[in-house]
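Taken in sequence, the protein lines are chains F and Y.
Every letter in the first sequence is one number past the one before it in my numbering, and letter 100, counting from 1, is 100.
Every letter in the second sequence is one number past the one before it in my numbering, and letter 332, counting from 1, is 617.
Since the hints were derived computationally from the structure, they do not count as laboratory data.
Do not take every clue at face value.
Partial selection, computed: residues in chain Y whose CB lies under 7 Å from chain F [said to hold, decoys possible]:
#	residue
1	357
2	358
3	366
4	368
What follows is a set of in silico ranges between Cβ atoms, one per label pair, in the way DEER data are often shown [what the hints assert, rightly or not]:
#	chain 1	residue 1	chain 2	residue 2	range
5	F	134	Y	293	52 to 60 Å
6	Y	346	F	122	42 to 50 Å
7	F	107	Y	418	24 to 32 Å
8	Y	478	F	190	41 to 49 Å
9	F	134	Y	356	40 to 48 Å
10	F	134	Y	346	55 to 63 Å
11	F	107	Y	641	37 to 45 Å
12	Y	478	F	11	52 to 60 Å
13	Y	398	F	11	58 to 66 Å
14	Y	398	F	122	54 to 62 Å
15	F	189	Y	398	24 to 32 Å
All of these numbers come straight from a predicted model, not from anything done at the bench.
Every residue, glycine too, gets a C-beta built ideally from N, C-alpha and C.
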Amino acid sequence: MDHSSLAGRIFRGIALAMVLVFFMFPIVWILLMSFQSNEQILRIPPRILFEPTLANYEALISGQLKTAAGNLQISFMRNLMNSFILSSASVILALLLGVPAAYAFARFKFRLGETIAFTLLSFRFAPPLLVLLPLSLYYQQLGLNDTYFGIVWVYQLIALPLILWIVRGYFEDISPDIEHAYRLAGHSWREAFTRIAVPLAGPGIAAAGLLSFIFCWNNFVFALILASADKQPVTVGALAFVTASGIQYGQIAAAIVLSVTPTLLLALYAQRYLVEGLSLGAVKG
Amino acid sequence: MARLELKSVDKSFGAAGCAKGVSLTVEPGEIVAVFGPSGSGKTVLLRMIAGMFEPDGGDILVGGRSIVDAPPEQRGIGMAFQNFALFPHMSARDNIASGLRATGASDIAAKIASMSRLLKIEHVLGHSPRELSNGQKQRTALARALIGNPEVLLLDDPLRNVDAKLRYEMRLELPSLLRRGSAAVLYVTQDYREAMAIADRIAVLINGRLVQVARPEEIYARPASVAVARLFGDPSINLSEVAPVAEQGRLTATVAGTQIRLDANGLPSDARARCWLGVRPDDVMVTGQGGEGAIPARIVAVTPIHERAVVLLRFADGSEWLAAMAPEALEAGADEDVFVRFAPEAALLFDHASGERIGQPPRRQAA
Chain F
1 MDHSSLAGRI FRGIALAMVL VFFMFPIVWI LLMSFQSNEQ ILRIPPRILF
51 EPTLANYEAL ISGQLKTAAG NLQISFMRNL MNSFILSSAS VILALLLGVP
101 AAYAFARFKF RLGETIAFTL LSFRFAPPLL VLLPLSLYYQ QLGLNDTYFG
151 IVWVYQLIAL PLILWIVRGY FEDISPDIEH AYRLAGHSWR EAFTRIAVPL
201 AGPGIAAAGL LSFIFCWNNF VFALILASAD KQPVTVGALA FVTASGIQYG
251 QIAAAIVLSV TPTLLLALYA QRYLVEGLSL GAVKG
Chain Y
286 MARLELKSVD KSFGAAGCAK GVSLTVEPGE IVAVFGPSGS GKTVLLRMIA
336 GMFEPDGGDI LVGGRSIVDA PPEQRGIGMA FQNFALFPHM SARDNIASGL
386 RATGASDIAA KIASMSRLLK IEHVLGHSPR ELSNGQKQRT ALARALIGNP
436 EVLLLDDPLR NVDAKLRYEM RLELPSLLRR GSAAVLYVTQ DYREAMAIAD
486 RIAVLINGRL VQVARPEEIY ARPASVAVAR LFGDPSINLS EVAPVAEQGR
536 LTATVAGTQI RLDANGLPSD ARARCWLGVR PDDVMVTGQG GEGAIPARIV
586 AVTPIHERAV VLLRFADGSE WLAAMAPEAL EAGADEDVFV RFAPEAALLF
636 DHASGERIGQ PPRRQAA
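Chain F on its own, in the form it takes in the complex:
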C-alpha cells in the first residue's frame, strides 16, 4: 500500500478533516456551551471567543438552579448516580444471564434453540412504546413501579439480546477442540467454560458489555414512564432544564458533558480489551 503521493496525502488530510469536523463539531459546540451563560449562548451571531464561566457546573453539582423565575431545586447529581446504578446493574445482570446463554446457544443444539435465540433478538425489533403500556400496568400490579429492580429488569430488554447475540458469535469462533482438549486434560466442563471459553471470548464480552452499557445509559422512554423523580437517570432528569422561565441551554450542555464523560472513560478503558486476535494461532486456520 503506497498512497504517499503528495496530492494523495493532501486529499486524505482534507477528507479526514471534513469527517472529523462533521462528527466532532456538535460535541465541541456542546463543550463550549457548557462554559457559557444562557445569554451568551443565545447571542446572535454566536461567538467563539467568550468569557468562560463555571456557573453551569456549579448549579448542577450544588443542585440549585437560578433562573429568572427564582431558585429551582434540581437533582442532577442524583440522576447521574441513578444512571450509573441502573446501567451497571443492568449490564452485570445481563452478562451473568447472557454469557452462559450465549455459550449454550453456540455450543449445543437443542429443541427450539434457534427460536428462543431469535425471540430474544426480536425484543430489539419492537419499539419500546409498544410494550410500555402493558408493562407499566403489570408493574403497577406487581409493585415494581419506581423501583431500581423494576427498571433493571426492563433494561434487560435492551442489554440481554445484545450481549447474547454478540457473545454467541465469539463463542462460535472458538474451536470446540480447545475446550475438548482442556476437558481431556482433566477439567470439568465448568472449568472449561470459565477458564477457556470466557477468557477467549473476553474481547467480545467486553464489547457487548460496553455497547449494552451505552444503550442502557442512553435509554429515555422506559425510565420516563416507569420511574419517578428519585429513580430517574440523567436522560430523563435533563427534562428539568426546560423550565417555566425558559430552556437552560448552558446547564443542558454541562449536563450532557457530565453524562457523556463516564461512558467515554469506560470506552477508552475497555478499548484494550477490545483488541482482537487473542485466539489467533491457537488452531490451524
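Chain F is already provided as a structure; the job is to place chain Y on it using the hints.
Using the frame of chain F, we list chain Y on its own:
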C-alpha cells in the same frame, strides 16, 4: 497399562451412519492406525472414545471397564488434535502443564523439562501458541497429550498441518515416542504411508465400517477388497475386469485380448463369471520383447514421481494401466510400443459384485 476395546460401536448423525458396528482391540503399547478416506468416520470414532460424542450403541472399554458413561476428564485419555487445539491464552509450558495441574501431580517442572527435551521444544516453553511455528505447535500438543502418561492415546491426524519435511521426520520419531508410556494408541491418518510407517496394525475404515484390520504389509499384499487395494499404494492399483477360466487346473484370464496365467496359490480354480484383476504398478514390468503372457501396449506418458518413473500405458482395447519403476529400468520412451508383463503371483482377484478379494495370494514384502 490398559487395553482399549471397542465393542460393536454404532453412531449416526441423522441418516448418515458414521460408525457401524465397529469392534477393535488395541493392546497396551500397541499403535493401531485408523486409516480411511475422508468422511469415513475416523474422527467420529476417536471422539466417541474421547467422550465428545456418545455412541448410539455398543461399548467402549479401557482396561475392561466401560467408559461410555464417564465424562471426558475421567477417562484417562490423552489426545492430540489435527488443529493442535492449544490454549491460546496460555504459554506452551502452561499448555503442557494443564493436565498435570488438574490432577495435582508432583514434580511438574521436572516432568515438563524432560518431556520438552524429548520433543525438542525447551527453548519455546515460554512462548504463547501464536508465536510458535506449526511444527512447534504440533510438538507442544503432543507433549500435552503424552505428559500425563494416559492409558489411551488418541492422535487425530497430528501431522496433517505440518509441512512435508517435518512430517517425514516426525514419522520416524513418533513410533518410539508413542511407545514410551506403553499406552494403547489409536492414530488416525489419511495417508497410507504414514499408517504403514507408524502403526503395528492398520484398521481400514470405509463408510463407518472396519473393512480390514491387519499388519501393514499384510494389508498391502492382501487387501480385503478392491476399496482397500485402491487406498493403499501410490500410484493406485491397476484394475481390469476379467472373466477367469480354469484350464487344466490352471486359472487364466484375458486382459486386453491377451491370455494371462493367474496361478497364484490358493486362487480358486473354479471358473468365475466376472472379477476385478488387480495388479500394483510396482509389479508391472515393461519390456521390449513379446511372448506368452505379454500384453502389447503403447506408452502414453512417462512422469517422474519421487524417485520413480510412472508410466501410463494404453492397451489395444483402450484401457489404461500404470507402471512404476526406477527410471533407469525403463528402456522405452513415450509413444513407443512395448509389452507388459506381471508375475502370476502378483495378481489379485476381487469379486466383481462385492469387491472382496478371492483366494489367498502368497505373502509378499510390501513395497
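Hints, verified against the model:
no.	hint	result
1	357	4 Å, holds
2	358	5 Å, holds
3	366	5 Å, holds
4	368	4 Å, holds
5	F/134 to Y/293: 52 to 60 Å	58 Å, holds
6	Y/346 to F/122: 42 to 50 Å	49 Å, holds
7	F/107 to Y/418: 24 to 32 Å	30 Å, holds
8	Y/478 to F/190: 41 to 49 Å	43 Å, holds
9	F/134 to Y/356: 40 to 48 Å	45 Å, holds
10	F/134 to Y/346: 55 to 63 Å	59 Å, holds
11	F/107 to Y/641: 37 to 45 Å	43 Å, holds
12	Y/478 to F/11: 52 to 60 Å	58 Å, holds
13	Y/398 to F/11: 58 to 66 Å	59 Å, holds
14	Y/398 to F/122: 54 to 62 Å	56 Å, holds
15	F/189 to Y/398: 24 to 32 Å	31 Å, holds
Going down the numbered hints, you'll see the structure goes against none, and every one checks out.
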